[in-house]
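Asks: Protein chains in written order, with the working numbering: chain A, 1 to 265; chain B, 1001 to 1169.
Read the hints as simulated data drawn from the structure, not as lab findings.
There may be inaccurate statements among the hints.
[What the hints assert, rightly or not] Listed below are several chain A residues computed to face chain B (Cβ distance under 7 Å; list not exhaustive):
| id | residue |
| --- | --- |
| 1 | A7 |
| 2 | L8 |
| 3 | V32 |
| 4 | G196 |
| 5 | V197 |
| 6 | P251 |
| 7 | A255 |
[To be verified] Which chain A residues stay away from chain B? Per the calculated CB distances, all over 12 Å, these:
| id | residue |
| --- | --- |
| 8 | G16 |
| 9 | L19 |
| 10 | A26 |
| 11 | L28 |
| 12 | V126 |
| 13 | L128 |
| 14 | D129 |
| 15 | E149 |
| 16 | E166 |
| 17 | A169 |
| 18 | M170 |
| 19 | A207 |
| 20 | E212 |
[Said to hold, decoys possible] To give a feel for the contact side, a few chain A residues facing chain B, derived at Cβ under 8 Å:
| id | residue |
| --- | --- |
| 21 | P23 |
| 22 | E156 |
| 23 | G157 |
The structure presented is a predicted model; accordingly, all values stated were derived computationally and were not measured.
In this text, a Cβ means the ideal position worked out from N, Cα and C, and glycines have one as well.
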Amino acid sequence: MPDQFDALERELIGLGHDLVPDPPPAGLAAAVLDRIADDDPLVAPAEWRPTGRRRSEHGRPMRRLAWAIAAMVVAVVALVPPVRAAVMELLHIGGVVVRVEPGPPPLPSTRGSGASPTLGQGPASVTLDEARRMLGFDFGVPAALGPPETVSVSHEGRVAQLTWGEGTAMTRLDVLVGSPDWGYLKRVWTAVTPTGVKGREAVWLDATHEIEWIDRRGVTQTAPPRLAGPTLIWVVPAPDGRELTYRLEGPSTLAAALDIATTVP
Amino acid sequence: MRAGERAAYAELVVAHAPLAKRVAVLAGAGGDADDVVQEAFVKAYRSLATFRDGSGFRPWLLRIVVNETHNHRRGSGRRAERERRAGWLDAQSLTVPDPAEEALSAARRRTLLEAVSGLPADQRDVIACRYLLELSEAETSQVLDLPAGTVKSRLHRALSALREVMADA
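I would like the entire structure built from these sequences, with the hints used as guidance.
Replies: This is the structure:
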């Protein structure tokens, strides 16, 4: 039961949240790029040298040997475009995994445009208070949008779906409790923009992408993937140590999405 | 390095840096965590050719962060001896902030942190990865370079020990 944490496990997770250090310095990515700017992964190990770190004398020959071996390995497999392979891996944010892929997959039959409430198997219509009770969280609703026009809960009570408006003008907010074991998988093929909502970690997917609900423990999906429009995802820690993931789909620009997201209390 | 690759790698750095820093701090990098993380990203780039597609970038990167933290500790002169003993979750370098918390809950968390810090190192590491860093069991096993069954059994032993301590807290 990996997603059924008991009280002690939840306390440990909460403790982890207390121990979060200051965020990494803003210039980190630039500093890293600077240091690897002249690197061709083919020849890098030969040029590599420790940068300002003192190392014990007896550690050096081993290190040199290791790098010599690394240089050979790199030379052999250098035909693999390395960064691309890594970028194609997963970015996790709350209950959402974003997978960057080189291009759209063959499209599934359910092709939606803009926000579509049809994900999952027949979500039951409920009141906002019922949805909060079912998720076990008193989640917030963006004041900028007013009361939601529809509220439903799906995926075994793990996701609340709120909508405003209809058709292409629909705005949709999903609220879910994050877990490494299940959640949304998004496949995107354009840039993922890291951003923040009131100081919390967030990402903006600015183009149409594929989304599906998956159970990462084995059963992979409960409904075919659909296409989603631009989406803002952000994460808010809940008092008991878990995390609430908000997924806002509808606004077409990051600025418009942030205007709405920042009005969630 | 092509321009597109630079942008792509910058994205990876930005996306993974916060977790990488938490790993470095919990693994004992202390005040040098930012240096360790930068070094780890540079090394990760230079080792990208050894990264096997499909093996999981995040645990692969975090393993480099852990190794880099250990290298760093070993290499940092006079402090080395003390810090080598400290290892993951050095309670002296970690404090539980208690601003908005009720005093009772803050005290309980301090007790819990001390209890975790007091675990044998092998159990402490799996607790840190699985719960404090919220990695999956599979990721924990990759990051710590342990068989999945070992992670499971250590987690089980550690949780039992913690339960005993916390029952009286």
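Asks: Is it the case that E212(A) keeps its Cβ farther than 12 Å from each residue Cβ in chain B?
Replies: holds, 19 Å
Asks: Let me know if the C-beta of P251(A) comes in closer than 7 Å to any C-beta of chain B, holds or violated.
Replies: Result: violated, 22 Å to nearest chain B Cβ.
Asks: Was G16(A) rightly flagged as not at the interface, with every chain B Cβ beyond 12 Å?
Replies: Given a closest Cβ separation of 3 Å, the condition is violated.
Asks: Check the non-interface label on E149(A): least C-beta distance to chain B beyond 12 Å or not.
Replies: holds, 34 Å
Asks: Grab the minimum beta-carbon distance between A26(A) and chain B and tell me whether it stays above 12 Å.
Replies: Per Cβ check, A26(A) is inside 12 Å of chain B; nearest 10 Å; violated.
Asks: Can you verify the interface hint for A255(A): is its Cβ closer than 7 Å to any Cβ in chain B?
Replies: At about 20 Å, which exceeds the 7 Å cut-off, the nearest Cβ of chain B leaves the hint on A255(A) violated.
Asks: According to the definition I'm using, a residue is off the interface if its beta carbon is farther than 12 Å from all beta carbons of the partner; does V126(A) meet that for chain B?
Replies: holds, 29 Å
Asks: Verify that the Cβ of L19(A) lies farther than 12 Å from every Cβ atom of chain B, and report whether the claim holds or is violated.
Replies: Contrary to the label, L19(A) does not stay out of reach of chain B, its closest Cβ about 6 Å off (not over 12 Å).
Asks: Beyond 12 Å from every Cβ of chain B: is that where the Cβ of M170(A) lies?
Replies: Per Cβ check, M170(A) is outside 12 Å of chain B; nearest 29 Å; holds.
Asks: Does L8(A) meet its interface restraint, that is, does its C-beta lie within less than 7 Å of any C-beta in chain B?
Replies: Given a least distance of 6 Å, the restraint on L8(A) holds.
Asks: May I ask you to test the interface hint for G196(A) with respect to chain B, counting a Cβ-Cβ separation under 7 Å as satisfied?
Replies: Because about 11 Å separates G196(A) from the closest Cβ in chain B, which is outside the 7 Å limit, the hint is violated.
Asks: Please verify that the nearest CB of chain B lies beyond 12 Å from A207(A)'s CB.
Replies: The assertion about A207(A) holds, with a minimum of 15 Å to chain B.
Hints 1, 4, 5, 6, 7, 8, 9, 10, 11, 22 and 23 from the list above are not met by this structure, while the remaining hints are.
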